[in-house]
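Engineer: One-letter residues, chain by chain:
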Amino acid sequence: MHPAPSVIVFTVLSGAGFGYLAFLGLGLSTGTGAIAFWQFALGFGMAVAGLVSSTFHLGNPQRALLAFTQWRTSWLSREAWASCAALLVMAGFAVAAIFFGRILNVVGVLGASLCLATVVATSMIYAQMATVPRWNSPLTPGYFIACALTAGAILSAQNHLAVVCLIGLALIQTVCWQRGDRRFTERGHSIASATGLGSKGRTRLFEAPHTGTNYLLKEFGFHVARRHAAKLRVIGMALLCVLPALILSSASGGMAVALAFVIHLAGAFVSRWLFFAEAEHVVQLYYGHQPQGATG
Amino acid sequence: MTCLPQTTTRKLGLVIDLDTCVGCHACVISCKGWNTENYGAALSDIDAYGAQPAGTFLNRVHSYEVEPANGCATQTVHFPKSCLHCEDAPCVTVCPTGASYKRAEDGIVLVNEDACIGCGLCAWACPYGARELDAVAGVMKKCTLCVDRIYNENLPEEDRVPACVRTCPSGARHFGDLGDPSSAVSQLVESRGGFDLMPELGTKPTNKYLPPRPKDRLQGVASEPAAGPSATGFFAWLDRALEKI
Chain A
5 MHPAPSVIVF
15 TVLSGAGFGY
25 LAFLGLGLST
35 GTGAIAFWQF
45 ALGFGMAVAG
55 LVSSTFHLGN
65 PQRALLAFTQ
75 WRTSWLSREA
85 WASCAALLVM
95 AGFAVAAIFF
105 GRILNVVGVL
115 GASLCLATVV
125 ATSMIYAQMA
135 TVPRWNSPLT
145 PGYFIACALT
155 AGAILSAQNH
165 LAVVCLIGLA
175 LIQTVCWQRG
185 DRRFTERGHS
195 IASATGLGSK
205 GRTRLFEAPH
215 TGTNYLLKEF
225 GFHVARRHAA
235 KLRVIGMALL
245 CVLPALILSS
255 ASGGMAVALA
265 FVIHLAGAFV
275 SRWLFFAEAE
285 HVVQLYYGHQ
295 PQGATG
Chain B
548 MTCLPQTTTR
558 KLGLVIDLDT
568 CVGCHACVIS
578 CKGWNTENYG
588 AALSDIDAYG
598 AQPAGTFLNR
608 VHSYEVEPAN
618 GCATQTVHFP
628 KSCLHCEDAP
638 CVTVCPTGAS
648 YKRAEDGIVL
658 VNEDACIGCG
668 LCAWACPYGA
678 RELDAVAGVM
688 KKCTLCVDRI
698 YNENLPEEDR
708 VPACVRTCPS
718 GARHFGDLGD
728 PSSAVSQLVE
738 SRGGFDLMPE
748 LGTKPTNKYL
758 PPRPKDRLQG
768 VASEPAAGPS
778 ATGFFAWLDR
788 ALEKI
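Chains as they are written, first to last, in this note's numbering: chain A, 5 to 300; chain B, 548 to 792.
Chain A extracted, bound-state conformation (with noise of 0.2 Å):
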């Protein structure tokens, strides 16, 4: 799949942004006044900045309304109420927190309830995908609530539970790839099924459709630098959960959240754009592309 610069930014920084809050809500170091604005100007920040960058791929942006209409049937409607709904509980409790002193400790649940329930719709859209093997598991939503968690138990400085998510974090991604490696020709997808030509006799591409490119081979052929794929996963890992969880389990204070967390947000952009790039849809296999792992 094409790594869209604006879906990596989407994913990455409202997941941050969402799981921060959460924390916030649940009242984990959540201050009151001055700090507590700082606090919840950085998770609104990353929030909405996300959600913003999101409708930079879209063709016709000026309709994004009509995206809350379709809620029962789709995951991209669900995850634009639920995030509404939690910005906006947030704001109710970040005032009572930021201008009265008060933690609202009802509507900080709520809140954080709601800031995860847009992230599983966020991953949900990306789970629900049958064409895309790589994603369509369960260990989609998983990986995507343990980044939002890990990034806001970093951010709340909670040092011995951001090191409990960043452990967590590198098991679920260590088996979100091995998985996913082998999802695609577990399903039985190939270009005999594709093409239902395969008891006919062994079938491969003898013309492609067309001589240019188009939509389809942009948006899913997408291959370029595949094979760095596992010297990107050993850095990925390295700045997403390794790196951080060195400097939290071995220092303190707000440099070292800091760096934490920067570091990890530099993981977290490496591992996403691994997580588009890597994944392949079925319609490859008419334009005669093995799936990787593939043999034959």
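By construction, these hints were calculated from the structure, which means they are not laboratory data.
This one's a predicted model, so the numbers in the text were calculated from it and none came from an experiment.
Glycine is no exception: its CB is placed at the ideal position from the N, C-alpha and C atoms.
Heads up, a few of these hints could be off.
[What the hints assert, rightly or not] Here's a subset of chain B near chain A, in silico, CB distances under 8 Å, partners left out:
1) Thr549
2) Ser610
3) Ala616
4) Leu744
Start from chain A and add chain B according to the hints.
Structural biologist: Quick look at chain B alone, frame taken from chain A:
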């Protein structure tokens, strides 16, 4: 509304005969022509006369080579592919705006371009590559089964079929109601063993494909050309005489 209809009164669709298709791409061109001049936004071209032309098409013809395991001759199979108007269309339910819908009366899957935000999710959800986001209009384009031809009483009756079916010079494309077991297309699917593409994804496509027939093998032909009957008498003399000249 992006909820799929429980049932559709009819299941209009195409039956494509892979045995007959010659890969001329006439259906591709007639589709592009009709759907650029009629329903919805035009199918745009980018850099049409330049070095790297690209454009939006609703129908594309792949060509495959099939090598039978039993050593029979390898076959070239031309493979036209457009929207299959699936019963369980995953492209419809993912749409956040309700632009993508399946009609309860005839099963045709359409896009209301005025409501499409161009997010591309429906194209992600389609296993068959049947949807292309138009680079100029920013809305999703797909086969309409020529909904503006098949019910169009301003056209002569023989033209009230999809443009690709009307134009196919080899009769490889058939249009009809696949929900009616007595229809000509249903009979054709029944008699020729029509099949679904990627059935493992559970999309239940309406369009069916008819398999290519196996190629004939010449029977009893020796590998060396046999010597012709040898002449005798006068003709044998004439044969030798002419050889010497």
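Engineer: Hint by hint, note whether the structure agrees.
Structural biologist: Right, here's what the structure says about each hint:
1. Interface restraint check: threonine 549 of chain B against chain A, minimum CB-CB distance 5 Å, threshold 8 Å, status holds.
2. For serine 610 of chain B, the shortest C-beta to C-beta distance to chain A is roughly 4 Å, which falls under 8 Å, so the interface hint holds.
3. Contact between alanine 616 of chain B and chain A, as hinted, is supported at the beta carbon level, the nearest pair being about 6 Å apart and thus within 8 Å.
4. For leucine 744 of chain B, the interface hint holds, since its Cβ comes within 8 Å of a Cβ in chain A; the closest pair sits about 6 Å apart.
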